[in-house]
Structure formats: structure tokens, C-alpha cells
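*Asks:* The chain contents come next:
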Amino acid sequence: MKTKHKILSVLSVGLLVAGCASLPSVSELNSLTDAIVKASFRSEGIAHVDRVLSPDETNRACSEADVSGKPLDEKTAQAIEAMNLKSIRWPANGQFLGDWKEGEKIAQSGRGLTWTDTANSPNGGNCYNCHQIDAKEISYGTIGPSLHNYGKLRGVTDPKSEAAKPIVEYTWGKIWNSKAYNACSNMPRAGHMGILNEEQVRHIVALLLDPQSPVNK
Amino acid sequence: MKLLTALAALGGCLLALPALAQKTTSQGIDEYRAMLQDGNPAELFEAKGEDLWKQKRGPKNATLEKCDLGKGPGVVKGAFVELPRFFADTQKVQDLESRLLTCMASLQGFNADEIAKTPFGKGEQSNITALATWISAESKDMRFNLPQSHPSEKVFYEVGKRLFFQRAGSHDFSCASCHGEEGKRIRLQDLPLLTKNPGDGVGFAAWPAYRVSNGQMWGMQQRLNDCYRQQRFPYPGFASDATIALGVFLGVNAKGAASVAPAIKR
Amino acid sequence: MQTRRETLKHSAVVAGLLASTGLFPQFAHAAFNKAAFDAKTVQDALKAMGPATLAESKDVTITGPDIAENGAVVPLGANTTLPNVKQLLILVEKNPSVLVAMFNMSDSIDTAVSTRAKMGQSSDVYAVAITADGKAFFAKKEVKVTLGGCGG
Amino acid sequence: MADPMRIRAQASGDKATVRVLMSHEMESGQRKDANGKIIPAWFIQEVTALHNEKIVMTAEWGPAVAKNPFLQFSVKAAKAGDKITLLWKDNRGDTRKDEATVT
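Protein chains in written order, with my numbering: chain H, 221 to 437; chain Y, 3 to 268; chain D, 14 to 165; chain B, 107 to 209.
The shape of chain H in the complex, shown without the other chains (with noise of 0.2 Å):
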């Protein structure tokens, strides 16, 4: 009750200046819209209320620039994408492909982390709802890029050669931390975020670049 009394002043100061301008300021607006969102949104099941109360920065900057319809300028962006960049963690044991099979099914699940899953339910990596991958798979989204002959179109003809390292490392962390190479990518931080583990993540590389994949036959 007190959030909901908190609200309405916050709101009625936004309509008595309303009143004589035109429309309360950014600043009141975003302060408007953070005490409707504290208001509006509780915890439930494993989806806690904090995932919307405390964005990091990267959310916050990238959300703000959605609003204001203008891309983040270059400082800012490269800000982000290093911040992000420090964040990926390596493959502890120096393996970054893992076996394109389990890739293929961690690419197909879309489940995992809303408050209908609970906490040991395996997550999914969510690909195909985004991108093509497999050919075979008609069922596929395109906000994404398509992935089909990833590997191949990048010339990568053995994954552990040296001259295909930097591809590897590349995939790695795009799957770990999408932001590290595009501030505002609408791609999620599997990785970083906890969607998926590093053996997943090592799944997902093998399903993009080994040439036995069917992604690159």
C-alpha cells in the first residue's frame, strides 16, 4: 500500500506540473516509470523482482538510447563493449568445442529462467526462436543472422588449426558476452548472464564450426 500511495504523489507532481507545461521532464518521466515498475512487478518463482529493480549498465545505457530513438555514441558504446569484453570467462580447460549434437538440442530449447521453469530445470540456449542454423530446421527465427555454413563461410576447415583461433575465440565469446562486440545487440549474454554453462557454451561453438555439423555440410 505505502509503494502505491508513493506512486500517486510521484504521479499527481508529474500532472501539476503537466498543468502548466506541456509534458513532465525526461527525468520525471524516468523516475515515474521506475516507481511504476518497483509498483507493478513482484517476485515470482525463480523470476526475482530484482531482475527489473537493479539493470547493470550495459541495460540501463542501451535501453535509455532505445527511447530517446538514437544509437549510443561511439564512447559510450566502446565503454560497454570493453566492460563487457573483461567479463568473458575462457574455457577453463582450453577446449572450446564440445560436440554439435548436444549443440544441435541446446540450440532448439527455448526453456529455461522464466517463473514457469524452476532452478534445475536445464536452460536452453533459445538459437532457432532467432536464427537459421541447420538447414534441416525449417521452424527458425530472423531477428538473428542466418548461422547455416557458419564455420565454412569463414574458411574454418579444422577448429584447433591456429589460423582458425581467432574465429574460435570469436564464437566463444559472442555466445558468452554478445555485448563485448555490439553494446546494444538484441542477442542475449549466455554466458555472462548464466543462461548457459561452459560446457553448454562449448556445445553451441562445436555446433557453429565443426565441419562434421550439419551447419557446415
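It is worth saying that the hints were derived from the structure and are not from the lab. All of these numbers come straight from a predicted model, not from anything done at the bench. Certain hints may be false.
Incomplete in silico selection of chain Y near chain B, CB under 10 Å [stated by the list, open to error]:
| hint | residue |
| --- | --- |
| 1 | F47 |
| 2 | E48 |
| 3 | K50 |
| 4 | F112 |
| 5 | Q218 |
Pairs of lysine-lysine, BS3-like flavour, derived with a Cα cap of 30 Å [unchecked claim]:
| hint | chain 1 | residue 1 | chain 2 | residue 2 |
| --- | --- | --- | --- | --- |
| 6 | Y | K124 | B | K195 |
| 7 | D | K47 | D | K154 |
| 8 | Y | K156 | Y | K73 |
| 9 | B | K138 | Y | K56 |
| 10 | B | K138 | D | K53 |
| 11 | Y | K56 | H | K258 |
| 12 | Y | K186 | H | K394 |
Idealized CB from N, CA, C, for every residue including glycine.
Given the coordinates of chain H, assemble chains Y, D and B onto it according to the supplied hints.
*Replies:* What follows is chains Y, D and B alone, placed relative to chain H:
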């Protein structure tokens, strides 16, 4: 029986043929959707909603026929395409479902807080959905034209815009991640661009809708609730200001779009 | 077309009719053909229905989408131009039980029905017409069932 | 008691097309609840259609008919003003009967 076995084997071969071309897939799905248009089970909920509107119910044993949905007490036709809007009696911006909650409390004596806490599809919540289905049907083919004259309506539009672009949750998704660009899909589902009028009967202009996948009738509140669930956000309260502000943003953007609600959806 | 209000009014009357038994003694069906509805294969379902012969026929048509966006609701229709058709069946080969619906025809209706079926996966779907002399004729087509959205 | 059916019967030429929507769960008997227990099948098993009180069709359905079932058929020699009646009975013995007038 031999023939049947032979044919079954042939069927197996057909299945093994290379994947259908993309164009054929979307044409096939359009054909499927067209087949479902005739005989939308939403009609069952529409009939129930009309009955509920006129039925004496609740502790006060009253009908909803004096409920003001924004165009005066009892006026149903055209109300849907102007919601959410500001209501002077509650001093709040309300969408169709939160307004129905107000009417059920004030006219019929129901406990609004209790209904708001009831899960979707249960008890009085399912009645609100049926009522919303009928009320939306009474504005079928009319064009969205949400009022933006009251300062609160403008403020809610601005708040809704911020919510639309709010990146959060474990996956950094905002509404715009999926609905911020033209011509995109999730899997095979086309995603309407919701920062402008996406066209007649698309996006905001298609709910309430009957969901084929689970055989449920969903109002806009449940639609937004499930978007947030899939966005990996925490739970938005029923009729909360966040859901209503988002509704104002989507509804104002949809200005001019003809409503097809109640629709039938995958 | 009749209005919704009339339907509702009728149904109140009707509730009473159903309660006072015997108004529609015809509603007492022949016993539900459990064996046919439990059958796991098209062949077994037909065996349970009785006909001795089965042949594909151009005079039988199955209608349905090439691709169903969702297997929970797949519109399927059966119709035939054959004379003396006693029953029309709709079957989905890869469902746990293949028989979806069985319709007993009469001279007063066209030998064409449509309904909507659940499908667990991509499968062949069948329309079967059984004639008065105990012969069965079928048509079939493949219906692909695609995955849903986010899977969540 | 179950919710009413929606029946539309439209005359065209010398027959009437009848479209019916029924309100029913049509539980398949294949699904499990949160505790992993099978939800028992619950479905409309028998359907009867009458034209002016004369039976024109009966049907037997299994649980694979979709939730909130749709049914379409055409009645010969039916004209505007005629009565179309539908009855169903489910495997729990619940029944429903609704009528419509051909238009």
C-alpha cells in the same frame, strides 16, 4: 491392407524429402490460419460475456449494464477501440480489464483486490476475459483511436514507451527486442513492429484472442503477462500501472488500425 | 441467423428437456465403439469397424492443411461422392490412437463433414468412407506439424 | 453444467450448412499434471444432429478431437426457418442440447 502398407512406405519417402522451401512454408501456414477463421471458438466466450454483462451477480445482485467504459454508462459499442483511457471517477488511466474490475467492485460489490490476485482463467478472472471478449467484439472492424487529451494519458504513453524499451531480466530482452523492427520472425511467427500502426488486426488490434495452442481465451492483460514471462521478467500484477501504460503506448501507436478482436491465434 | 440471446433462451428450455428423459430416445447411441477408438493402427481401427476390404479411391477426399502451425488444432475434413455411404471416418496415423472421429451418415445430409483434430506430430491423415455393403475406401494426405514459438 | 454451443445454420440453394462450436475441454488422457500424474481423458463421445426433430447424423468421437470442438456438415432439403438441433454426451455422462433456426 497391402496397399495401405505400401502407401505408408511412400508416405515415409515423402517425409524424407528435403525440407520445404521457406516460401511454401509460410504459404502453408497462411492457408492453415485461413482454415481456422471460420468457427473461432472465441464466439463461445463472446456469448458467455454478453450473458455475464446482463446477469445480476455479486453481493449487490446487480448487472454491469450501468458500467461506464469511457463512452458513458452502458455504452459498449466503440468503447474498446478507445481504451485504455483516463477515468475521472477513479482518477486513473484504465484498460478494459481494469475498468471491468472497477465496475464489478462498484456495481456488483465484488472484491477487486481478490479478483486481481486470482490466476488467469480461474473464477472471476475467466469472467473478466469473457466480458472483455464480448465487449471487444462489439467494436469489431472499428478503428483504434485512443484519447490523448488528458495529461495522465500523455504521461502513461511516455511511461509505456520506456517500458517498451526496458531491457532487463536474465536475457536482456525488452519488448523492442522482438517488436522493434519490421519483417522479423521468432521461429515461424511473424512479429509485428509495435512502435507504429502495424496494420489492421495485427498486434494490439488482435486481442482478446483465442489461443489455438492451449485452447484458452486471452485478454490483453494475459497477453502482456505472458510476453513478460517469456522475456524472463518478474511477474507484472494484473491491471498494474505498468501493464496499462504499455497498453496505452501500443494502443496509441495502433491509431487507425481496425480491430479484429476477438481473434484466433496460434 | 439466430441471435445469441435466442440460443441462451433455448438452452434453458433444453436443460429441462434433457432432464425429463425420453424426448429423444434416438439419442441412445449404439454402444461406443471402444475397440475402434483404442486402435493403434489404421488397419486395426478398420478391423474394429467391420469392413472386409479397403482400397484407395479418387472418390474420397481428405482436406487439411499441408502445414499445421499448431498440432493442438488441425482442421480436417472428409467427403466422398460414392453412393450408399454408411460412415465417414477421420484418422491420424501417428496419433497414440488413430481414430479421431466417426460419423454415421443418412440420406438427409451430404457425405461431407469437417472437424478439428489434435496431432502429436507430423503424420498422414486419412478419410475413410464405409459403404452399406461393407467396403471401405480411403484418401490420405500428409500434414506437417511445426514447432511452436519460444518453446517456453 | 456445460456452456451452450454456438450453432449457425445457413441455407444456400436446397441445403443448409451447419457450423457448430462446442464448449468442452476434450482432455486427451495423454497429458500429465504438475505431479506427473496422467490427467484422465474427458471428451465428447457422442454427437447427434437433428433437422426438425428428425435425426440426420450421429457421430462417435475420441479424445483426439480438438478442445472446444468445431463441426461442419450440410443438411439436404433444409430451408430458412427450419430447426437444427445438436446434442452431445461426454464420457462422464454430461450432456448438452442446443438449437438454432436456419437462416
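*Asks:* Decide, hint by hint, whether the structure agrees.
*Replies:* Each hint tested on the structure:
| no. | hint | verdict |
| --- | --- | --- |
| 1 | F47 | holds (9 Å) |
| 2 | E48 | holds (9 Å) |
| 3 | K50 | holds (6 Å) |
| 4 | F112 | violated (21 Å) |
| 5 | Q218 | holds (9 Å) |
| 6 | Y:K124 - B:K195 | holds (25 Å) |
| 7 | D:K47 - D:K154 | holds (26 Å) |
| 8 | Y:K156 - Y:K73 | holds (19 Å) |
| 9 | B:K138 - Y:K56 | violated (38 Å) |
| 10 | B:K138 - D:K53 | holds (20 Å) |
| 11 | Y:K56 - H:K258 | violated (37 Å) |
| 12 | Y:K186 - H:K394 | holds (21 Å) |
The structure shown violates the earlier hints numbered 4, 9 and 11.
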